[in-house]
Amino acid sequence: MDEIGNLLHGFSVALTLPNLGFMLVGITLGVLIGVLPGLGGANGIAILLPLTLSMNPTTAIIMLSCIYWGALFGGAITSILFNIPGEPWSVATTFDGYPMAQQGRAAQALTAAFTSSFVGALFAVVLITFLAPLLAKFAIRFGPAEFFAVQLLTFCSFVGMSKEPPAKVIAAMMLGFALAAVGMDSVTGQLRMTYGYPPLLKGFDFLIAVIGLFGIGEILLTMEEGLAFKGKHAKIDPKVVWSTWKTLPRHWLTFLRSTAIGCWMGITPGGATPASFMSYGIARRMSKEPDSFGKGQIEGVLAPETAAHAAGTSALLPMLTLGIPGSPTAAVLLGGLLIWGLQPGPMLFVEQKDFVWGLIASMYLGNIVGLFVVLTTVPFWAAMLRIPFSVIAPVIVVICAIGAYTVHSSMFDVVLMLVFGVLGYLFKKLRYPLAPLVLALVLGDMAEASFRQSMLISQGSLSIFWSNGLVGGIVGLALVMLCWPLLGTVKSWLQRPPPAAPAEGNAS
Amino acid sequence: MEENPGPQDAAGPSVGSRWPEAIVSALLVGVAVLVITDSLRVGNGWADDGPQSGYFPFYIGLILLASSGSVLIGTLLKWRGENPVFAERTQLASVLAVLVPMGVYVGGIAWLGIYVASFLLIAYFMRRHGKYGWTATGAVSVAVPLVVYAVFERWFLVLLPKGPLESLLGV
Numbered sequence: 001m002d003e004i005g006n007l008l009h010g011f012s013v014a015l016t017l018p019n020l021g022f023m024l025v026g027i028t029l030g031v032l033i034g035v036l037p038g039l040g041g042a043n044g045i046a047i048l049l050p051l052t053l054s055m056n057p058t059t060a061i062i063m064l065s066c067i068y069w070g071a072l073f074g075g076a077i078t079s080i081l082f083n084i085p086g087e088p089w090s091v092a093t094t095f096d097g098y099p100m101a102q103q104g105r106a107a108q109a110l111t112a113a114f115t116s117s118f119v120g121a122l123f124a125v126v127l128i129t130f131l132a133p134l135l136a137k138f139a140i141r142f143g144p145a146e147f148f149a150v151q152l153l154t155f156c157s158f159v160g161m162s163k164e165p166p167a168k169v170i171a172a173m174m175l176g177f178a179l180a181a182v183g184m185d186s187v188t189g190q191l192r193m194t195y196g197y198p199p200l201l202k203g204f205d206f207l208i209a210v211i212g213l214f215g216i217g218e219i220l221l222t223m224e225e226g227l228a229f230k231g232k233h234a235k236i237d238p239k240v241v242w243s244t245w246k247t248l249p250r251h252w253l254t255f256l257r258s259t260a261i262g263c264w265m266g267i268t269p270g271g272a273t274p275a276s277f278m279s280y281g282i283a284r285r286m287s288k289e290p291d292s293f294g295k296g297q298i299e300g301v302l303a304p305e306t307a308a309h310a311a312g313t314s315a316l317l318p319m320l321t322l323g324i325p326g327s328p329t330a331a332v333l334l335g336g337l338l339i340w341g342l343q344p345g346p347m348l349f350v351e352q353k354d355f356v357w358g359l360i361a362s363m364y365l366g367n368i369v370g371l372f373v374v375l376t377t378v379p380f381w382a383a384m385l386r387i388p389f390s391v392i393a394p395v396i397v398v399i400c401a402i403g404a405y406t407v408h409s410s411m412f413d414v415v416l417m418l419v420f421g422v423l424g425y426l427f428k429k430l431r432y433p434l435a436p437l438v439l440a441l442v443l444g445d446m447a448e449a450s451f452r453q454s455m456l457i458s459q460g461s462l463s464i465f466w467s468n469g470l471v472g473g474i475v476g477l478a479l480v481m482l483c484w485p486l487l488g489t490v491k492s493w494l495q496r497p498p499p500a501a502p503a504e505g506n507a508s
Numbered sequence: 001m002e003e004n005p006g007p008q009d010a011a012g013p014s015v016g017s018r019w020p021e022a023i024v025s026a027l028l029v030g031v032a033v034l035v036i037t038d039s040l041r042v043g044n045g046w047a048d049d050g051p052q053s054g055y056f057p058f059y060i061g062l063i064l065l066a067s068s069g070s071v072l073i074g075t076l077l078k079w080r081g082e083n084p085v086f087a088e089r090t091q092l093a094s095v096l097a098v099l100v101p102m103g104v105y106v107g108g109i110a111w112l113g114i115y116v117a118s119f120l121l122i123a124y125f126m127r128r129h130g131k132y133g134w135t136a137t138g139a140v141s142v143a144v145p146l147v148v149y150a151v152f153e154r155w156f157l158v159l160l161p162k163g164p165l166e167s168l169l170g171v
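Protein chains in written order, with the UniProt record's numbering: chain A, 1 to 508; chain B, 1 to 171.
Keep in mind that a hint or two might mislead.
What the hints assert, rightly or not - Calculated pairs, DSS-like style, for lysine-lysine (alpha carbon to alpha carbon, straight line, at most 27 Å):
1. B:Lys78 / A:Lys163
2. A:Lys353 / A:Lys137
3. B:Lys162 / A:Lys202
4. B:Lys78 / A:Lys491
For the record, the hints were derived by calculation from the structure and aren't laboratory data.
Throw the hints in and build the complete structure from the sequences for me.
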């Protein structure tokens, strides 16, 4: 099998001493980012991305993706010990993780969380190893119309799978596209929407948007909640780890089901957060004792953690093969690839073998290193959380400002970061989703380019989007996704007696 | 910002979400109008060599107008109906208590450089919100900029904005 050979080659690329060192640095930074409320995976990577520009792209992506794994691991620590989800995908972990900690089973809950994260990620990486080359081979025959169709599917899935009102999902997405269009048009060289203001010539950088929306916005939200850290002590004893591991094989079905949910939600751009909730919900529904959930049931920790990690990892599959990220963090990594001059998509597998397979190999290694790091350093992170928010918050603001400034060495970007921060706060409060906004900002240029090229081929006729079975099928699927909330509304409207108000269609 | 009280909320002073909802959707409608007019300016049709610069953004603008417009109209139509809580007044006060210093900080970076501004921001937060003593406040607010300097300017060779103090010290 080609894949095995390529993977072994990837290991030889990833397993150099500097790469291992950056892996360790990445995981540690990632756990820190995951642990601190107000700093997310996407935001952390966005802040650190400019620092990696001078590195070789393989080393840089290894470090950045390790930050991602670290952040996925780190979220569980605060959820279990403090009932504070450091990341949105750790919310479901708090339901049973925190009660376990209250009952004095914190070490058991943490071991279960880390191990299930590891299992979820491992399955997803195996999936990437064997599926990505096939998908890339298939996608290599794609023309502009097929690419646009896949991008359309990505965006329509957001509308179909989001819990937010569809009009708001579309509005957020279109705002992203509109911001992406600002600046010089790369085809005609014409200036668009700059209104004679020079800093707008380079357009809106997605990194600034991410830092503002997620970093500053999250601080404002956290401030509103008036956080006080009151946590449980955690010391991970090798004996507890061992005894917990012995009980885990019993839950093989939960692992399998959660991995499947996670992988599916990661590849379609559902993301880690809905995956964790869905997996938790299904685990409870399928359980023989559904009432024990929420009271410290270990399955309630296993299910969301496995799914979140599987989703977070498999989100990189469409990013690498099609150039379409399955999560906001994958979108930031994609932006990094573009900055390093690499064109994500099927050709990456042909032209940048070292890079792709080095990254895939680092996913295996990164998760093993991650598991080791988090299992050994929990008391340190728990101690770190005793630092009050009045110290952490301004430090995060300083880090965000530095991150925003370093992108283009421009003060305008720092101001913009603050504006995006307020926007992020308002959007979150008013249920406008942020992920489609960021995704549209990252993919806007690419989507426009493939749409334009398709139009050029067809001389302006939209019929190119159903000119063959493949493109027609993808566009059809996209339209079904787009109309999904509508179907839900119609269905509930038909089923209800006339005086009842129509219920919100919930597709996820 | 949004200082509209929710009159029918009995439980404590809170701000209803109808004004923020209306303002945000109206802003988005405004952005849509900007996008559409600019797309018309650069041309939204077909030139000899293919689609013009405004071809794609024009439709983006239209969809943005339709989606945000529908949110705005929906909000206006339900104006007299229920007004879900956007935030408690005290919550908004805490948000502003962070937002205003952040704004001053961003302005301060341009005048004082990032190090002095960061020192002031951290010191302000620790004294005002954390009620720390001068020693702890001084130690943390001096240490963080020093670590930032070591990591960014020394290790990663990234130049950060500097102010009069740095030029005085010759850094």
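Consistency of the hints with the structure:
At roughly 21 Å between alpha-carbon atoms, Lys78 of chain B and Lys163 of chain A fall within 27 Å of each other, so this suggested pair holds. Simply put, Lys353 of chain A and Lys137 of chain A have alpha-carbon atoms about 13 Å apart, close enough for the 27 Å limit, and the pair holds. Of the supplied pair hints, the one linking Lys162 of chain B and Lys202 of chain A holds, its CA atoms being roughly 24 Å apart against a limit of 27 Å. Of the supplied pair hints, the one linking Lys78 of chain B and Lys491 of chain A holds, its CA atoms being roughly 24 Å apart against a limit of 27 Å.
In summary, the structure agrees with every hint in the numbered list given earlier.
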